[in-house]
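With chain A held as given, fit chain B onto it using these hints.
Same order as they appear, the protein sequences are chains A and B.
Letter 350 of the first sequence, counting from 1, is numbered 350 in the UniProt record's numbering, and no numbers are missing.
Letter 445 of the second sequence, counting from 1, is numbered 445 in the UniProt record's numbering, and no numbers are missing.
The set of hints was computed from the structure by calculation and includes no laboratory data.
Treat each hint with caution, since some may be false.
As a list, the in silico DSSO-like pairs of lysine-lysine whose alpha-carbon atoms are at most 30 Å apart [to be verified]:
(1) LYS224/B x LYS10/A
(2) LYS57/A x LYS224/B
(3) LYS58/B x LYS186/B
(4) LYS10/A x LYS203/B
(5) LYS10/A x LYS423/B
(6) LYS283/A x LYS422/B
(7) LYS203/B x LYS20/A
(8) LYS165/A x LYS186/B
(9) LYS186/B x LYS57/A
(10) LYS192/B x LYS82/A
(11) LYS235/B x LYS224/B
(12) LYS283/B x LYS224/A
(13) LYS74/A x LYS57/A
(14) LYS25/A x LYS192/B
(15) LYS161/B x LYS203/A
(16) LYS25/A x LYS224/B
(17) LYS224/B x LYS77/A
There are 2 protein chains.
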Amino acid sequence: MADFNATFQKTLDILLEEKKYSSAKDILSTMAPEDVASVLQELDEKPAALLFRLLPKKIAAEAFVEMESDFQEKLIKGFSDKELTAILDEMYVNDAADIVEEMPANVVNRILSNVNAETRTAINQILQYPENSAGSIMTTEYVSLRLGTTVGQAINQIRRKGSDKKSFYTCYVTQNRKLLGRLSVKDLLLAKDDDLLIDDLMKTNVISVDTHTDQEEVVQIFSKYNFMALPVVDKEQNMVGIISFDDAIDVMEDETTEDIEIMAGMTPSDKTYLRTSAFSLFKHRVGWLLFLMVSATFTGMIITNFESALSQLVVLTAFIPMLMDTGGNSGSQSSVTIIRSLSLGELGFSDIGIIIWKEIRTAVLCGIALSAVCFAKVMLVDRLLLGNTDVSAMVALVVCLTMTVTVLVAKVVGCTLPLFAKKLGFDPAVMASPLITTIADTLSLLVYFGIAKFFLHL
Amino acid sequence: MADFNATFQKTLDILLEEKKYSSAKDILSTMAPEDVASVLQELDEKPAALLFRLLPKKIAAEAFVEMESDFQEKLIKGFSDKELTAILDEMYVNDAADIVEEMPANVVNRILSNVNAETRTAINQILQYPENSAGSIMTTEYVSLRLGTTVGQAINQIRRKGSDKKSFYTCYVTQNRKLLGRLSVKDLLLAKDDDLLIDDLMKTNVISVDTHTDQEEVVQIFSKYNFMALPVVDKEQNMVGIISFDDAIDVMEDETTEDIEIMAGMTPSDKTYLRTSAFSLFKHRVGWLLFLMVSATFTGMIITNFESALSQLVVLTAFIPMLMDTGGNSGSQSSVTIIRSLSLGELGFSDIGIIIWKEIRTAVLCGIALSAVCFAKVMLVDRLLLGNTDVSAMVALVVCLTMTVTVLVAKVVGCTLPLFAKKLGFDPAVMASPLITTIADTLSLLVYFGIAKFFLHL
Chain A
1 MADFNATFQK TLDILLEEKK YSSAKDILST MAPEDVASVL QELDEKPAAL LFRLLPKKIA
61 AEAFVEMESD FQEKLIKGFS DKELTAILDE MYVNDAADIV EEMPANVVNR ILSNVNAETR
121 TAINQILQYP ENSAGSIMTT EYVSLRLGTT VGQAINQIRR KGSDKKSFYT CYVTQNRKLL
181 GRLSVKDLLL AKDDDLLIDD LMKTNVISVD THTDQEEVVQ IFSKYNFMAL PVVDKEQNMV
241 GIISFDDAID VMEDETTEDI EIMAGMTPSD KTYLRTSAFS LFKHRVGWLL FLMVSATFTG
301 MIITNFESAL SQLVVLTAFI PMLMDTGGNS GSQSSVTIIR SLSLGELGFS DIGIIIWKEI
361 RTAVLCGIAL SAVCFAKVML VDRLLLGNTD VSAMVALVVC LTMTVTVLVA KVVGCTLPLF
421 AKKLGFDPAV MASPLITTIA DTLSLLVYFG IAKFFLHL
Chain B
1 MADFNATFQK TLDILLEEKK YSSAKDILST MAPEDVASVL QELDEKPAAL LFRLLPKKIA
61 AEAFVEMESD FQEKLIKGFS DKELTAILDE MYVNDAADIV EEMPANVVNR ILSNVNAETR
121 TAINQILQYP ENSAGSIMTT EYVSLRLGTT VGQAINQIRR KGSDKKSFYT CYVTQNRKLL
181 GRLSVKDLLL AKDDDLLIDD LMKTNVISVD THTDQEEVVQ IFSKYNFMAL PVVDKEQNMV
241 GIISFDDAID VMEDETTEDI EIMAGMTPSD KTYLRTSAFS LFKHRVGWLL FLMVSATFTG
301 MIITNFESAL SQLVVLTAFI PMLMDTGGNS GSQSSVTIIR SLSLGELGFS DIGIIIWKEI
361 RTAVLCGIAL SAVCFAKVML VDRLLLGNTD VSAMVALVVC LTMTVTVLVA KVVGCTLPLF
421 AKKLGFDPAV MASPLITTIA DTLSLLVYFG IAKFFLHL
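Excised from the complex, chain A in its bound form (with noise of 0.2 Å):
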C-alpha cells in the first residue's frame, strides 16, 4: 500500500514540476481525501492554491477539512467568496465548526457569512456546547424519517434527499422532534415487502446521548456498541444531531493521547509530535517537572532528618533508589490499571472495596516475592560478590522489610487515589507515574528510617 502511494507521488511530483496541473488534478480525484491533504500540505503555497481550485469541489472539500488548521487559512485566504462557498457547501455542520473554531476572527466573519442562514445557525449551535461534550462534536445532518411512512417510501426518501447526510446509513424516526425510533438501510433494504411500515421495523429502544454527555463517555458507547452512528437529544429529549463512528474514532484517538500526556506529567497538546515546536514541548512539559521537583524537598527534609543515622551507617544510602523505585514502580503499576479501566468504562468509584482488596493481595504477593529475591542478592551480590561488609543480614532484613511495607502502601495508594479524583471531577490521569512516585518516595523513604532506626538502633 505504501509502495503504491509512493508511485502516485513520484508520477505527481513530475506532473507539477512540468506544471500539468490539469492532470495532476487527474491523479488526486482518484485520491483518498486524506491523502490529497497530505500531498497538498507538502506543496508550496501557490501550487498548492492553485491545485486546489482544480479540484471537484466535493474532493475538495474533504480533504480541506483533514487539513492543518494554519494551511486550511491561508487558502481560505486566498479563496473568492463564491469558491468559500462552494467549499463550505459540501461540508459537514460539524467539520465547518472545527474549522471556524481554529480561525482567527477575520476568517470567522467572512465563512459565517458565507453560508446559508440554516449552516450558520447550525454551526452557531454546535459552538455554543461545552467543549468535549456531546453537542460539540455531533453534526446536525443526518435522515429522519416520519412515522406511517412505509421502505418504499423512506427508500425513495434516502435516494433523494441523502446525499448531504453524515449519517446516510441509520436513519431516525421522529415525531414533533421526538425520537421515536432507530432503523438502517440495511434494514430497509432487505425488508420483505416495500409496503412494510417502518413503525413495525423500527428498534424503539434507541440508546442516545445527551448534548451535554461527556464525549469520553460517547466513546464509551461506541466501543461497546458496534453503532455507526449514535443520536444526540436535548434536554427537552428532542433529537438534535448525530455523532458519526468516523468522528467516536477521532476523538477515542484524542482522549487516549491527552490521557497517556497527562500521565507520563505533561499537559496535553493537540498538534502532533513533529509540528510541535520546542518551545511548545517546553511549555507543556516544565510545569510538572517543576513542581514534583519542588514537591522533592519532603524527600530531602526526611533524609536531613535522618543525617546523623546515615552518617553512622552510609550503607543505607545505598537501596535509597531501589526501595524509591521499586515503591514508584509499583504504585504506578496499580494506578495506571485503574486509570485505564476508569477511561474504558469497566470501573467506578463504587468498585473501591474490591479493588482495594484485590490490590493488597496482588501487593502481597508481590512483596514476598521481591523481598525474597532481594535478600538473595543483597547477601550474595552486595556483601559476597562485591565484598561490602556494612551489608549484615539485619541490613539486608531491613531494607526488605521496608520493601513489602512500601510495595503494600505504594499499591494501596496508587489504586484509591485515581478513584478519588474520578469521584471529586478532576482527571484520574494525573494521578499516575510521576505524582504517585513522589508520593512513594516519600513514603518509602519514611518506612525506610523508621525500620532502620528500630531495628538497627540508630
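Relative to the frame of chain A, chain B by itself:
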C-alpha cells in the same frame, strides 16, 4: 440512558423472579445485543441458558459473541447440536474464529463439526494467520460485485444476498478474485440512473492491507481514513476478506490498553480488571518489578563507590531523590511522547535527527527553568528556612548543574530508545517510564557524583 437501562433491569428482575421467561425474552429482544449479553451474564447459569434459548436466533448469536469466554463455554455445553448450528449460522466467521480460539479442544471439535464445510474452511483460514495480523481479525463475508453490473442489478443483488454480509455498505468489485474497485451502497442509491455501470462508478484507487499486515497498521489506517471496511488481500493480491470498523475499534482499544500496561511496567492481560484475579495481577506485575529492582544494583554500586565522599558531606544525599526523580520524569515525558506518536504512525525511525534536535532544545529550556527554580529553592528553603548550613551556594550549584545535565541526557535517551526498539522489531512501549527511570537514576547519580567530586573536591 443509564436510568433507562436501570428501569429495564428492574422489570427484568421481577419477571425472572416470577419465572415469566417469555415476557423477559420480549424485553431482552428490544435491547442491544451487548446489553443482552451483560444481563444474561449476571444471571445464574440455568435461567440464563433458558432465556438464551428463547431469544430470536439472530439476537442470541449477536449477544453470544459479546460474552466472556467462560460463560460461552458453559452455554455451549448445554446446547444440542442443532442449537449450536443455529447460533453458529447467524455468526460472522471472524466471531466464530474468535470463539474457537478461546475454547478447549472438545468444544472446538463440536463447533467445527456443527458448521458447514465452507464456514469451517473460512474459520480455519482465519485461525492460520499470525496473531495480531490483519488476516486474524478479518472476516470473509463481504459483498462482491462483478464488472459490467448495473446500479439496479447491484442494488437487487445486495437486497437478495446481502443479509449475512458484515460489510453490507461497502461493495468490492473483483475479477478472478483480484480487487479492482470499491463502491458504497450510498454511491449506488444516489446514482442518477439505475442503468449506469458500476465500472464507471467505482473508486479504483483502493487502499487495502495484506493478510500479514500488523493490526497496529490496520488501526492506523482506520484512524486516518473514514472507512467503514478495509479489504484484505493475500500474497497473490487476491481479495480474501475485509476488516470492519467496529472490529477495528475493538483492536484499537486493546492495542492502546496493551501499550499503556507495558508502559507502566506490566505484561499485558486481556481480561478486564474486575475479572482478573489477584494472582493473575501478581503474575503480570512481578516480572518487571523484579527486573527493575535487580537493575537498581547499579545505583547501589555507584553510591557505595562514593560512600567515603558522601560521609564527608552527608547533605548531598538529601538531593538524590530529587535529582533521580527529575531525571526520570524528564526521560519518561520524552519516551512516552515518542512511543505514542509511533503507535499513531506519526513518526518513523527516519525522523530521529529532527527528534533528537527538538528534544535537545526542549531539554535545555527545561534544564534552565528547573535549575533557576532549584537554585532559589535550595538557597531559600533548604538553607535559610530550614537552616541547613551544610547547604552552601557551591552545593546548590552542583545540584543545579547536575539537574541540567541529567535532564538533557534523560530526554535524549528517552526519545532515542523507543525509536531503536521499533527499528529492531521490539515493542517501543517497553522503553517507557519504569525502564527510563532506572536508566535516568543511574545516569543522574554518575553525573551528580562526578560534578560533586570536581567542584567540591571530595
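So, going through the hints one by one against the coordinates:
1. LYS224/B x LYS10/A: Within the cut-off at roughly 22 Å; holds.
2. LYS57/A x LYS224/B: 21 Å, holds
3. LYS58/B x LYS186/B: 25 Å, holds
4. LYS10/A x LYS203/B: 21 Å, holds
5. LYS10/A x LYS423/B: Answer holds: LYS10/A to LYS423/B is near 26 Å, not above 30 Å.
6. LYS283/A x LYS422/B: Cα-Cα ~28 Å, so holds.
7. LYS203/B x LYS20/A: 23 Å, holds
8. LYS165/A x LYS186/B: The given pair, whose Cα atoms are some 10 Å apart, holds under the 30 Å limit.
9. LYS186/B x LYS57/A: OK: LYS186/B and LYS57/A at ~18 Å, within 30 Å.
10. LYS192/B x LYS82/A: 26 Å, holds
11. LYS235/B x LYS224/B: Holds: LYS235/B and LYS224/B sit about 24 Å apart, inside 30 Å.
12. LYS283/B x LYS224/A: Within the cut-off at roughly 28 Å; holds.
13. LYS74/A x LYS57/A: Since the Cα atoms of LYS74/A and LYS57/A sit roughly 18 Å apart, the hinted pair holds (cutoff 30 Å).
14. LYS25/A x LYS192/B: 24 Å, holds
15. LYS161/B x LYS203/A: It holds: about 23 Å lies between the C-alpha atoms, which stays within 30 Å.
16. LYS25/A x LYS224/B: 22 Å, holds
17. LYS224/B x LYS77/A: 27 Å, holds
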